[in-house]
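Trainee: Could you build the full structure based on these sequences and the hints that come with them?
Numbering (our numbering), first residue to last: 313 to 540.
Worth flagging that the hints you see were computed from the coordinates, not collected in a lab.
There may be inaccurate statements among the hints.
Now the in silico label distances, taken between C-beta atoms and shown as ranges [as the list claims (entries may be wrong)]:
#1 423 / 469: 18 to 26 Å
#2 489 / 373: 44 to 52 Å
#3 495 / 387: 12 to 20 Å
#4 449 / 386: 21 to 29 Å
Here the structure is a predicted model, which means the values were calculated and not measured.
All C-beta atoms in this analysis are idealised placements derived from N, C-alpha and C, irrespective of residue type, glycine included.
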Amino acid sequence: MKKKDIKILLVDDEADILEIVGYNLTQEGYQVFTAENGKEAVQKAKKHIPHLIIMDVMMPEMDGMEACEIIRKAPELSQTIITFLTARSEDYSLVAGFDAGADDYITKPIKPKVLVSKVKALLRRLKDEQEGAAENLNVGDIVINREEYKIVKEGVEIILPRKEFELFYLLASKPGKVFKREEILDKVWGNEVVVGGRTIDVHIRKLREKIGEELFKTIKGVGYKFEL
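Mentor: Here's what the structure looks like:
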């Protein structure tokens, strides 16, 4: 996919952010659309079907969390990558963002060129997923559906946000392999994306909560390990 075909929706209530970030992304050759609040973001997301949404959290009319939850419920936007760009960096903010369905969490302030590098890494992963095989992974009575980002255990579907699913798929795809933190960051977030160690910790914790401790133990019990 060429850059000119890639659509990015930038959402922020600060005009300076829209102007500066939008300019840098446009200079890279991407199609850039903007919105000033969550309500407008939902409308434009459904209209343009962007490949990536970069969204602030604290905004008038509708905040980023609520907008993200609404967007995630739209089938036509199921493959859209959503990353928050916000000054909020507390653990509970990270957890809330991932619970809302975000794929990544970028903390302000960030230099425009660094943000562009992160955007490239996010979009490269999207390309890899589209070009890669979307085969199911079977582990005992667990079926991991890569195309639909869901896990099925004994007929019960467990839907996971993109990053949680990718992390779980990675752990389950390499029997007996011990994954170090750096390798997890590279495989799931991309080597150009700078994220804190807390990000992995939060995702592991959310995985345990969502898929259940017993299922998590089942995966580990057949030789899947990770090193944090």
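Trainee: Hint by hint, note whether the structure agrees.
Mentor: A quick look at each hint next to the structure:
A beta carbon spacing of about 41 Å between residue 423 and residue 469 contradicts the range 18 to 26 Å that was offered as a hint. The beta-carbon spacing between residue 489 and residue 373, approximately 47 Å, falls within the hinted interval of 44 to 52 Å. Take residue 495 and residue 387: their Cβ atoms lie about 33 Å apart, and the range 12 to 20 Å is violated. At roughly 26 Å, the beta-carbon separation of residue 449 and residue 386 lies within the given 21 to 29 Å, and the hint holds.
Violation of the numbered hints given earlier is confined to hints 1 and 3; the remaining hints are satisfied by the structure.
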